[in-house]
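Student: Here are the chains, one letter per residue:
2 protein chains.
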Amino acid sequence: MKFQPPKGTRDFLPEEMIKREFVIQKIKQVFEKWGYEPLDTPAIESFELLAAKSGAGQAIKDEIYYFKDKADRELGLRFEFTVSTARILASDSSIPKPFKRYQIGKVWRYDNPGYGRFREFVQADIDIFGSSLPAADAEIIAVACDVFAALGFKDFVIRVSNRKILEAFSAAIGLDEKSRLEVFRSVDKLSKIGESGVIDELKNKNIAEEKIKKILDLIKISGSTKQTMEKISNIVKKIGMSAAGIEELGSLVKEIEIFGYEKNIVVDMSLVRGLEYYTGAVFEVAVAGGNLSLAGGGRYDKMIEMVGGNPTVATGIGFGLERIIEVMKENKMLDLPKVQTKVFVANVDEKVKSSALKIASQLRKENISCQTDLMNKNLTKQLEYANSVGIPYVVIVGQKEIRSKKFKLKDMQKKTEKEMQLKDIIAVLKS
Amino acid sequence: MKFQPPKGTRDFLPEEMIKREFVIQKIKQVFEKWGYEPLDTPAIESFELLAAKSGAGQAIKDEIYYFKDKADRELGLRFEFTVSTARILASDSSIPKPFKRYQIGKVWRYDNPGYGRFREFVQADIDIFGSSLPAADAEIIAVACDVFAALGFKDFVIRVSNRKILEAFSAAIGLDEKSRLEVFRSVDKLSKIGESGVIDELKNKNIAEEKIKKILDLIKISGSTKQTMEKISNIVKKIGMSAAGIEELGSLVKEIEIFGYEKNIVVDMSLVRGLEYYTGAVFEVAVAGGNLSLAGGGRYDKMIEMVGGNPTVATGIGFGLERIIEVMKENKMLDLPKVQTKVFVANVDEKVKSSALKIASQLRKENISCQTDLMNKNLTKQLEYANSVGIPYVVIVGQKEIRSKKFKLKDMQKKTEKEMQLKDIIAVLKS
Chain B
1022 MKFQPPKGTR DFLPEEMIKR EFVIQKIKQV FEKWGYEPLD TPAIESFELL
1072 AAKSGAGQAI KDEIYYFKDK ADRELGLRFE FTVSTARILA SDSSIPKPFK
1122 RYQIGKVWRY DNPGYGRFRE FVQADIDIFG SSLPAADAEI IAVACDVFAA
1172 LGFKDFVIRV SNRKILEAFS AAIGLDEKSR LEVFRSVDKL SKIGESGVID
1222 ELKNKNIAEE KIKKILDLIK ISGSTKQTME KISNIVKKIG MSAAGIEELG
1272 SLVKEIEIFG YEKNIVVDMS LVRGLEYYTG AVFEVAVAGG NLSLAGGGRY
1322 DKMIEMVGGN PTVATGIGFG LERIIEVMKE NKMLDLPKVQ TKVFVANVDE
1372 KVKSSALKIA SQLRKENISC QTDLMNKNLT KQLEYANSVG IPYVVIVGQK
1422 EIRSKKFKLK DMQKKTEKEM QLKDIIAVLK S
Chain R
1022 MKFQPPKGTR DFLPEEMIKR EFVIQKIKQV FEKWGYEPLD TPAIESFELL
1072 AAKSGAGQAI KDEIYYFKDK ADRELGLRFE FTVSTARILA SDSSIPKPFK
1122 RYQIGKVWRY DNPGYGRFRE FVQADIDIFG SSLPAADAEI IAVACDVFAA
1172 LGFKDFVIRV SNRKILEAFS AAIGLDEKSR LEVFRSVDKL SKIGESGVID
1222 ELKNKNIAEE KIKKILDLIK ISGSTKQTME KISNIVKKIG MSAAGIEELG
1272 SLVKEIEIFG YEKNIVVDMS LVRGLEYYTG AVFEVAVAGG NLSLAGGGRY
1322 DKMIEMVGGN PTVATGIGFG LERIIEVMKE NKMLDLPKVQ TKVFVANVDE
1372 KVKSSALKIA SQLRKENISC QTDLMNKNLT KQLEYANSVG IPYVVIVGQK
1422 EIRSKKFKLK DMQKKTEKEM QLKDIIAVLK S
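Top line first, the protein sequences correspond to chains B and R.
Sequential numbering of the first sequence, starting at 1022, is according to this note's numbering.
Sequential numbering of the second sequence, starting at 1022, is according to this note's numbering.
Certain hints may be false.
In this list, chains with the same sequence are indistinguishable; a pair is considered to hold if it fits within one copy or across any two.
With a Cα cut of at most 25 Å, we get these calculated DSS-like pairs of lysine-lysine [claimed, not checked]: (1) LYS1047 / LYS1359; (2) LYS1275 / LYS1379; (3) LYS1429 / LYS1451; (4) LYS1127 / LYS1091; (5) LYS1047 / LYS1451; (6) LYS1363 / LYS1118; (7) LYS1224 / LYS1234; (8) LYS1118 / LYS1436; (9) LYS1049 / LYS1359; (10) LYS1118 / LYS1359.
No lab work stands behind these hints, which were simulated from the structure alone.
Let the sequences and hints guide you as you build the complete structure.
Tutor: Printed below as a string of structure tokens:
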């Protein structure tokens, strides 16, 4: 009888964990530099809360891990973080605003597992609660840019849009609210089903062909940020629709210039992002030429009311760790050691074992990660072990070495060795 | 409608998270210095696996979060880590031994919440798989000592025992296997129900009074490590029982001396630790004078077979993060800042906003955590915000300051301020 991890979940053995931890550390450092404070919430939330946020209501039950506890309370595993923070803010309106927090942890979705898709995965999230200004959305985007730059990405692209534009546009061309929602749903699928797919879907939803054409003209606008913004402005003026969306988008673009990331920005009217709770700016990060969304977010000004709190505006972004790691691995951006242990302190025989342990203690005092023999292996077997797990150095301790105070330091990759005093060994291992 | 976190779970707002992260970082650093490698497993495991480990079988269902997924698979939230690592080792016997790994994360138990007890809590775990030597148990104990020393504990005590001693003793005085199990269960409750409680329980289980007296004589042995070891040795010789346990315990004590932690060790025959899967050495850490177990573990040589693998011996220890944090808070050992943000870069008016943002960018390049205004607050409100969240410094940016290249640095705690060049501000903030 051999057990497996449950479907859609995985184990992270050291080699993979070292990669994941490296990425998490980099992301955390950026979040903290921008003054986002750490927060953690339970993995379990009441189902009622999870359903309140999704907009989908009870239908969300099919997409998450749902269960009842022994007192028959309906619970679910969180499928993202913002709803939990919204719960906190809803129950305590005295928390100073803006409230800037980050959260990194596991979330669960009862998805169909596929490429880069798991039922249990790690998400990193930043959000700003309490600011309605485009400056807040711009900061979120600037942090995302800093994150991808810190991870070593050169050509990443942040597509930005503002849902108020497509919303007002759809209203201006005479679509009712239900049809507008259908437009959002279909446009969201553009990269999956293509232009003709979107047209077919909208036709099937009984939207008039001339309106479909107008929508496609809007979402297909392209060019430099300046050109795109001008084209959209012209349309806004021409059809006399609300200018709120384009004004916010204009401010957002201007703010991003202050941080020097304007070259990474693409204004893209086809970006709507599926989730129904977005209310304004939306954004999504991908590597240039790639379609896979590595991070995405936007403004969601209604959520805290939705969970019973005072109106509190909010904007934020979530980073999909496994996808980022996948892309980094493919591009050889995660060339890290297999283990964190730096050195194995080997003993030549039983008699010098305690000396080897004491030398290891000295190395640890210098913050050097080391292991010693725990299985009474002979020297050959100790070296084999160090080699098999990928420990880069071995120090050899024998009677002779203890007397001369000089120890052999073996470099396991270069297959070289050198006799050295302990202080010089420490210097090599720390460099 | 206000939502709460589910019963027995909690939110960690920044102030609490900073404490938890501080403790986790310290623990991780010690684990890594000893060459334990990071590992992570799913929060969800198959119920069959969780039941296999507990020894309690199906009865464990009442003590954990148990549920079925949409394909009717029986699952549960993990209640500790070792069973998951055992699963990995059982399915891949080629992993080099010893396999030394650490795991830090959330675990869940459907306990009755109480003091320092939650249904969702954080555990930190190290284990060594593949070594049967007391040297491995001693290393685990030495790492635990390093952890508590690194956290700033001065007077911590590690109680150690070996279950083989009480086991062999009980057999030698003529108890059958079922009665021996009852002895373990009752002795385990000693600190809760007292000596008379143990006596009553054993009487109720029909164990003869003269045998109960003998057991109590054994578990009440006290004194220095040397004295205790001698007394136990004498008993072992006198009644002619197996000496395996006392020999292992002797080696363990000797190994610990190498690491200089002999003064923190108390040999305590009343320590058995409830879990039925322990097979030899057992240990438990508490602060001197305290009864609360802050960490505990032992040798469990049968678990990998129990989950279907080749026989693979194992030893390890788990640290209860919330209890450690509770004790540290009570003893003022976690006097950390309320937030990680070091400085708020305030703008005097709208016109200098982008200058303030650029100065913030420069500070971030120096790894200084900073925030800027995101809500068009006036200067007074910006200072109020910084003060309310506990940001220790504010830099003030105005037209005059930009011209003179000297900025006011306000120390919010000392309520002092000084005009300085940016490079000097950076020096103060980094110190």
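Student: Of all the hints given earlier, name the ones this structure violates by number, lowest first.
Tutor: none
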